[in-house]
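The opening position of the sequence shown corresponds to residue 5 in the numbering used here, with each subsequent residue numbered one higher.
The set of hints was computed from the structure by calculation and includes no laboratory data.
Accuracy of the hints is not assured; some may be wrong.
For lysine to any residue, the following SDA-like pairs were computed, each having C-alpha atoms within a straight-line distance of at most 20 Å [claimed, not checked]:
| # | residue 1 | residue 2 |
| --- | --- | --- |
| 1 | LYS22 | LEU56 |
| 2 | LYS162 | SER177 |
| 3 | LYS119 | GLY189 |
| 4 | LYS112 | PRO6 |
| 5 | LYS27 | LEU84 |
| 6 | LYS98 | PRO74 |
| 7 | LYS27 | VAL75 |
| 8 | LYS119 | ASP93 |
| 9 | LYS27 | TYR17 |
| 10 | LYS98 | ASP61 |
| 11 | LYS22 | VAL65 |
| 12 | LYS119 | ALA169 |
| 13 | LYS112 | ARG142 |
| 14 | LYS162 | GLY143 |
| 15 | LYS22 | ARG83 |
| 16 | LYS112 | VAL52 |
| 17 | LYS22 | VAL75 |
| 18 | LYS27 | SER39 |
| 19 | LYS27 | ASP93 |
| 20 | LYS112 | GLN127 |
| 21 | LYS27 | GLN55 |
| 22 | LYS186 | GLY48 |
| 23 | LYS162 | THR174 |
Computed Cβ-Cβ distance ranges for the label pairs, DEER-style [unchecked claim]:
| # | residue 1 | residue 2 | range |
| --- | --- | --- | --- |
| 24 | ASP188 | GLN64 | 39 to 45 Å |
| 25 | PRO179 | ASP62 | 35 to 41 Å |
| 26 | TYR72 | MET96 | 36 to 42 Å |
| 27 | GLN184 | LEU28 | 27 to 33 Å |
| 28 | ALA150 | GLY78 | 29 to 35 Å |
| 29 | GLU158 | ASP106 | 26 to 32 Å |
| 30 | PRO196 | LYS22 | 36 to 42 Å |
| 31 | PRO179 | GLU97 | 26 to 32 Å |
Predicted, not measured: the structure shown is a model, and the values here were computed from it.
Built from N, CA and C at the ideal position, the CB exists for glycine as well.
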Amino acid sequence: MPNVAVLTNDLQYEFLEKTPERKLATERVIPPFCSFLDGIRALGQVVVHLQLVNNPDDPQVRRRYRDYIPVVRGTPGSRLVETFVHPSDIVMEKPRDSGFYDTALDEKLQELGVKTVIVTGLQTQICVQTTAADAFFRGYNVHVPADCVFSAREDDRKRALDWMAAYCATITSAPEILAQLKADGDLPRRAPSQA
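Please model the entire structure based on the sequences and the hints provided.
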């Protein structure tokens, strides 16, 4: 039974291929990110892909996006990029940025016996940060590998990592996480906040 789960956020075509710059940046990180996910699976831990699916009839979604609503169910851009997904993985749709908002994620993690979550994906300052904070509020041990989170702008990514380090997560790297899991089967809890 797994005690650790990797939560990926929004690894969907529309987000990863939004601009030529983002597509190029994504292509560079796919091999190491997929190796990390393969390492997690090889250790008997679970991977959960959080897939944002917007409802165009939702008034809050219409206010947020105005002219164009991304990742609407059934559109090509809403699909998860297959490179990241393995048949043993769990896919959960989410209606908002946090993977815990109005989903059964917490219940699923409890059912699996998960106590530690590793939050990854994009964007660092939006979906990763809100999911990490919500996991922390629910009592999970939260880790964020800095090399497995992405933002369109590096300053946004850095600011979000600093905020999570101060309030809710241990910031580390994918190789460090895999080494720690191989050695101990779990990840250490973060030190109490000094904020």
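Hints, one by one, checked against the model:
1. LYS22 <-> LEU56: holds, 15 Å
2. LYS162 <-> SER177: Holds: LYS162 and SER177 sit about 14 Å apart, inside 20 Å.
3. LYS119 <-> GLY189: holds, 12 Å
4. LYS112 <-> PRO6: Roughly 12 Å between the alpha carbons, so the hint for LYS112 and PRO6 holds.
5. LYS27 <-> LEU84: holds, 14 Å
6. LYS98 <-> PRO74: Holds, at roughly 13 Å.
7. LYS27 <-> VAL75: Distance ~17 Å between LYS27 and VAL75 Cα, so the pair holds.
8. LYS119 <-> ASP93: Roughly 18 Å separates the two Cα atoms, so the pair holds.
9. LYS27 <-> TYR17: Roughly 9 Å separates the two Cα atoms, so the pair holds.
10. LYS98 <-> ASP61: holds, 15 Å
11. LYS22 <-> VAL65: The hint holds at about 19 Å.
12. LYS119 <-> ALA169: Cα-Cα ~19 Å, so holds.
13. LYS112 <-> ARG142: holds, 13 Å
14. LYS162 <-> GLY143: violated, 24 Å
15. LYS22 <-> ARG83: Given that 20 Å is the threshold and the Cα spacing comes to 13 Å, the pair holds.
16. LYS112 <-> VAL52: holds, 10 Å
17. LYS22 <-> VAL75: This hinted pair holds, its Cα atoms lying about 11 Å apart.
18. LYS27 <-> SER39: holds, 19 Å
19. LYS27 <-> ASP93: Answer violated: LYS27 to ASP93 is near 24 Å, above 20 Å.
20. LYS112 <-> GLN127: Violated, at roughly 23 Å.
21. LYS27 <-> GLN55: Answer holds: LYS27 to GLN55 is near 18 Å, not above 20 Å.
22. LYS186 <-> GLY48: Given pair LYS186, GLY48 holds - Cα atoms ~11 Å apart, limit 20 Å.
23. LYS162 <-> THR174: Roughly 14 Å between the alpha carbons, so the hint for LYS162 and THR174 holds.
24. ASP188 <-> GLN64: 39 to 45 Å: holds, 42 Å
25. PRO179 <-> ASP62: 35 to 41 Å: At roughly 40 Å between Cβ atoms, ASP62 and PRO179 fall inside 35 to 41 Å, so the hint holds.
26. TYR72 <-> MET96: 36 to 42 Å: violated, 25 Å
27. GLN184 <-> LEU28: 27 to 33 Å: holds, 31 Å
28. ALA150 <-> GLY78: 29 to 35 Å: Roughly 34 Å apart at Cβ, these two residues keep to the hinted range, so it holds.
29. GLU158 <-> ASP106: 26 to 32 Å: At 31 Å between Cβs, range holds.
30. PRO196 <-> LYS22: 36 to 42 Å: holds, 38 Å
31. PRO179 <-> GLU97: 26 to 32 Å: holds, 31 Å
Against the hints set out earlier in the document, violations occur for numbers 14, 19, 20 and 26.
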